[in-house]
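Undergrad: First to last, the sequence lines map onto chains A and B.
Taking UniProt numbering, the leading residue of the first sequence gets 1, the next gets one more, and so forth.
Taking UniProt numbering, the leading residue of the second sequence gets 1, the next gets one more, and so forth.
Just so you know, these hints were derived from the structure itself, not from any lab.
Treat the hints with care, as some may be off.
Identical copies look the same in the list; a pair holds intra-copy or inter-copy alike.
Calculated cross-link-like contacts (lysine to aspartate or glutamate; reagent style DMTMM-like; alpha-carbon spacing at most 25 angstroms) [said to hold, decoys possible]:
hint, residue 1, residue 2
1, Lys89, Glu101
2, Lys188, Asp38
3, Lys188, Glu154
4, Lys188, Glu142
5, Lys188, Asp146
Below, each chain spelled out in residue letters.
Number of protein chains: 2
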Amino acid sequence: MTYCVGLKLDRGLVFMSDTRTNAGVDNISVFRKMFIWDRPGERSVTLMTAGNLATTQAVVSLLNERAKPAEERGAPSILEAASMFQVAKLVGETLREVIVEQSGRMGMQADSPFSATLILGGQVHGGEPRLFMIYPEGNFVEASADTPFFQIGETKYGKPILVRAYDPGMSFEDAVKLLMLSFDSTIKANLSVSLPLDLHLYEADSLKTGRVHRIERDDPFYEMISSGWGEALRAAFDRLPAYRLE
Amino acid sequence: MTYCVGLKLDRGLVFMSDTRTNAGVDNISVFRKMFIWDRPGERSVTLMTAGNLATTQAVVSLLNERAKPAEERGAPSILEAASMFQVAKLVGETLREVIVEQSGRMGMQADSPFSATLILGGQVHGGEPRLFMIYPEGNFVEASADTPFFQIGETKYGKPILVRAYDPGMSFEDAVKLLMLSFDSTIKANLSVSLPLDLHLYEADSLKTGRVHRIERDDPFYEMISSGWGEALRAAFDRLPAYRLE
């Protein structure tokens with residue numbers, strides 16, 4: 001399993017992904033699930049992946065090949081598409097193509113074992129920062145004021161805190177804290193999601209890769225948030241009035 | 001979908017269940033999912049159900065028929081089994097029987113559309129209060145100090161708060177508050193779980209039905225907890241130190 005979240009804030013886009021992949025509980029590895037392309041001053045594009053690792057690696061490899069200068073090949077490039085919408089279309093088509101190919105004669109199915117789901121976000125010069133969720137069929141939806149974040153993978157445990165504490169005007173510092181809490185709730189409940197976590201903070205209109213950080217297993221801030229939250233929750237719980245039995 | 005939780009406390013057992021059933025989002029009804037049998041001074045047994053409604057209603061009907069005085073039929077009775085373990089065995093066998101019958105020639109399968117999962121708890125004179133989770137195959141596991149609660153149905157959204165705030169020594173009042181928060185997180189995230197909620201507080205060694213209450217849609221305490229928790233979470237969130245960007 002996997003857990004990735006993309007948040008759309010007034011200040012920009014925040015991406016966080018875990019790194020655990022597993023084929024059964026006895027075959028666990030660390031793989032990067034966050035990939036960033038940029039052409040400083042012109043665009044920055046971030047992709048996060050959940051699903052079959054062979055599929056997502058093939059998608060990223062194909063996108064990388066296609067990110068080479070246009071004269072070297074002929075395909076459209078993630079670094080040249082004219083808008084984030086065009087980038088999303090390109091990534092969606094690549095994803096569908098890989099799933100169809102890997103599924104072979106079985107035909108393409110969203111519930112195929114080769115399936116995957118992606119979060120894509122970024123900004124191209126001349127446009128706003130945009131955030132998309134891309135489905136195995138290659139189509140996609142965009143984040144809006146009503147649905148300002150996307151989750152993929154093991155999404156349920158970490159959703160309640162996102163719903164309660166997200167605020168489009170929040171600072172990057174608070175957004176990282178919020179995402180750490182959401183990841184901590186998930187990691188505490190599901191063995192198949194785990195540290196280290198990858199983080200990318202894309203600042204609106206910067207048009208280049210922002211702060212990128214890997215949060216390691218012994219990260220002191222993560223540990224403090226994780227243990228501090230237990231106490232903070234209990235304190236909040238205690239402050240609520242008790243139910244009165246009739 | 002459904003959400004039910006059974007908690008084992010030092011003071012007794014706490015049961016809470018929602019009442020929404022749905023066949024598609026355009027066919028929603030209210031059905032009771034909590035059933036209580038008792039023989040005051042001798043035993044109290046509570047059952048909560050998740051899964052196919054035809055299956056769970058058939059199970060409860062069969063258990064009711066079998067709860068009639070032994071001379072009227074011949075089957076073992078939920079009110080006569082010698083221990084909670086025997087009650088759990090009886091309920092598990094009834095569940096498996098109904099699933100096998102309804103699945104017909106398809107054979108019994110845990111993932112059959114006729115499947116169901118149950119939480120059973122109570123106390124029989126001479127024994128301790130006990131809490132079980134019963135699977136579609138008819139087998140069951142018992143709650144222990146390490147796993148002091150069971151959830152069935154849509155379990156993920158409401159689990160983090162249970163894990164963080166449960167304490168075996170907590171009062172019934174606090175347990176109701178905790179369960180309301182767990183249900184509120186679930187109801188906010190999943191349309192197929194909804195008020196009214198049924199509540200049963202079984203007091204250890206009372207050997208009779210305890211306080212039973214239906215929490216209606218406009219319950220003032222529930223509303224206060226639900227809105228108060230949003231503020232309490234935000235306050236707790238704000239009190240945690242902010243992430244420091246390098």
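Undergrad: Which of the stated hints cannot be reconciled with the structure, identified by number in ascending sequence?
TA: 2
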